[in-house]
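Asker: The primary structure of each chain is shown beneath.
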Amino acid sequence: MNEQLVYTFEVIVNGLMAGVLYALVALGFVLIYKASGIFNYAQGVMALFAAMTLVGIQNGQVPFAHLINAIFGTDVHKFGWSVHSFLAILFTVAVMVLLAWMVQRFVFRHLVGQEPIILFMATIGLAYFLEGVADLMWGSELKPLDVCMAQGNCLPQGMNGWLDNTTYDAWGTGVFIDNLDIVATIVAAILVIGLIVFAQYTKQGRAMRAVADDHQAALSVGVSLNFIWVLVWSLAGFVALVAGIMWGAKSGVQFSLSLIALKALPVLMLGGFTSIPGAIVGGLIIGVGEKLFEFLIGAPFLGGATENWFAYMLALLFLVFRPQGLFGEKIIERV
Amino acid sequence: MKYKLGTYAVAAVMAASPVMADLVFPSLSYRTGPYAAGGIPFADGYADYFTMLNERDGGIGGVMTRVLECETGYNTEKGVECYESTKGEGSLVYQPLSTGITYQLIPKTTADGIPMHTMGYGRTSAANGEVFSHTFNYPANYWNGASGAINYLLEQNDGDLNGKRVALVYHNSAYGKEPIRTLQELSAKHGFEFKEVPVDHPGQEQKSQWLQIRRDKPDYVIMYGWGVMNQVAVQEAANIRFPMENFIGIWWSGSENDVLAAGDAANGYKALTFHGVGRDFPVFDDIQTHVVDKGNAAGAGDQIGTVLYNRGLYAAMLAAEAVKTAQEIHGEMDITPAMMRDGMEALEMTEAKMAALGLPNFGPEFNVSCQNHGGTGLVGMTQWDASSKTWSLVSDFAPSDMDVIGPLIAEDSEAYAAENNITPACN
Chain A
1 MNEQLVYTFE VIVNGLMAGV LYALVALGFV LIYKASGIFN YAQGVMALFA AMTLVGIQNG
61 QVPFAHLINA IFGTDVHKFG WSVHSFLAIL FTVAVMVLLA WMVQRFVFRH LVGQEPIILF
121 MATIGLAYFL EGVADLMWGS ELKPLDVCMA QGNCLPQGMN GWLDNTTYDA WGTGVFIDNL
181 DIVATIVAAI LVIGLIVFAQ YTKQGRAMRA VADDHQAALS VGVSLNFIWV LVWSLAGFVA
241 LVAGIMWGAK SGVQFSLSLI ALKALPVLML GGFTSIPGAI VGGLIIGVGE KLFEFLIGAP
301 FLGGATENWF AYMLALLFLV FRPQGLFGEK IIERV
Chain B
1 MKYKLGTYAV AAVMAASPVM ADLVFPSLSY RTGPYAAGGI PFADGYADYF TMLNERDGGI
61 GGVMTRVLEC ETGYNTEKGV ECYESTKGEG SLVYQPLSTG ITYQLIPKTT ADGIPMHTMG
121 YGRTSAANGE VFSHTFNYPA NYWNGASGAI NYLLEQNDGD LNGKRVALVY HNSAYGKEPI
181 RTLQELSAKH GFEFKEVPVD HPGQEQKSQW LQIRRDKPDY VIMYGWGVMN QVAVQEAANI
241 RFPMENFIGI WWSGSENDVL AAGDAANGYK ALTFHGVGRD FPVFDDIQTH VVDKGNAAGA
301 GDQIGTVLYN RGLYAAMLAA EAVKTAQEIH GEMDITPAMM RDGMEALEMT EAKMAALGLP
361 NFGPEFNVSC QNHGGTGLVG MTQWDASSKT WSLVSDFAPS DMDVIGPLIA EDSEAYAAEN
421 NITPACN
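Heads up: the protein sequence lines correspond to chains A and B, in order. First residue of the first sequence: 1, per the numbering used here; consecutive thereafter. First residue of the second sequence: 1, per the numbering used here; consecutive thereafter.
Because the hints were derived from the structure by calculation, they are not lab data. Careful, some of the hints might be misleading.
Stated by the list, open to error - Straight-line alpha carbon distances no greater than 25 angstroms define the calculated DSS-like cross-link-like pairs of lysine-lysine that follow:
id, chain 1, residue 1, chain 2, residue 2
1, B, K353, B, K389
2, B, K389, A, K78
3, B, K164, B, K217
4, B, K189, B, K164
5, B, K177, B, K217
6, A, K78, B, K217
In this text the structure is predicted, and so the values were computed from the model without any measurement.
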């Protein structure tokens, strides 16, 4: 096969998979915005917090160790045990649910009925507060993330070795597919199907949709707004954990992980803030678009590093023709 | 009433006046934010060395040292604020630990008469002391690094890089672009093909860049990265099965942080350095005894011997030696920033001196002069062993190609002098 064609195909496949990773981050934003109309600035920090908590639990790290040692003059850092990845993920989910409850109980419960900009500001405060708590709780140093389902079967490498080896030499030049991206794609697919099934076929899911459509009407039929918001923030926390694992597996868990939110913004602009399929399709379009542009035009003619601005330009183009995004709900206000 | 007011005024003036009874070393650190993982060990090493001098020797020349830490978050504006808020404390020398902050502080420190040391970063042409009177970048700079990498590759290829392909993966910022001109000159001189591959901040996603490298198949990749960009690049290189022994990072891409995330796949990765690695140096015993064991460590004490901790310690050691030199020159123990500048400009680092400090063979020997604020530009190569999780020095500290770098320094510094109406001179 023509070498250039193979490389272009490789770029498209990898762009699609990068798009899945972007979509994972965007999903968290969509969930909260859909149910409460809040643009959650803290979503990136939630991914960081979740990933740090996961690594901390896995490694048996004592939370707030530096603080404890500074106050009490002790020298404790670790419990001396390590926790299996699966169990650690379960514990982390529990922490994220607790966080969701606290966010609802101590922040948003007091802001019901406020302007969207006030709620947005509250999430900015939440982001910085959470970043500080994460720092105090687990420390600022970089932590390698090994999520293992079995011995030698860990992210980011070690999974799908067969596929990796097969594709590596295909058609002479090979088609590179990252193991981690394959796992991310499978996980994202399961996550989206799970979220759709939850929203369509469960009582809580239907209640969540009712609140999203009209929270006053939902309240009038006995749906608890507080419960639904805790549920939605918990789901967003879970999505943040998944995104944190996928991104953190590649770079290690560190504070720059919160910047992955920047990758989700053009996806949201393109896919719409209220659509789960929109986040996925938006992610795929942004992923393929930016990679192809960099490969065909950016690197050869513009000196490279075009991805960041091109993603936003692409989203802007879509906005001009479809302001609500590809799958967003069109808002018509009649006077 | 008047008497009371007068008393308060005197008290206020006394409280606001700088405390002159100690040697003040501001540390523009970043323990928070996206680059904290790199900022913490450096700040710890810098602070711990001065604490050790206080505890073990009673300071320098009998005058206690004081580290004045100010958090910048690796943010240029905050860095400038830190400078403004600490310069009145009698600060002797600034280590901004950021190229962006350095560029902002060059004119400010010159105007205020306070020296600045940008070790292995900052404006490379500051090596010309006739133009940059208060900025020092010994013992090595970015261009020494680029040349050191090419010299190492020449050595690996029997002195011939003709027809080889070398790619530069760089942070798309003023810092990352620094080596481009040098590598272009070296490419013309040695006949290798040179390709630039920029990565935008923060570098969390580099798929395009590494697919490009997979397609272009360079023989060697040199990296000028920082923070998360390094970890992702090492991981992506491993993913496309790029040979790690042909992947060389600058010293800001060569710490434990940069390779641990990739696990075994990072084995064999190389990085340039201008100082020793590991904790097998006598000075660390003193740090343990006089700092960590007494509970005076700046951090948790778990960073000792890591690459960036050693770099912070090295920066502190060079600052302390410059103080000693200044004290000798002026016969004054409680020195001023102007005296400190004189000490830095007359600094001589010999092997005998380093051995006496408990740091034998820790760094290259060099002299600083008015004309040369950059030292000798000797750089070494380190390599990562993933099984033992250690870096080891795999080359001697070797000279860089000053025939190429010298004219570039002269050209850039002369342009700066012309822009700022500076008449190059030695005082």
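Asker: Among all the numbered hints in the text so far, which are the ones the structure does not match?
Answerer: Numbers 1, 6 - these are the hints that the structure violates, sorted from lowest upward.
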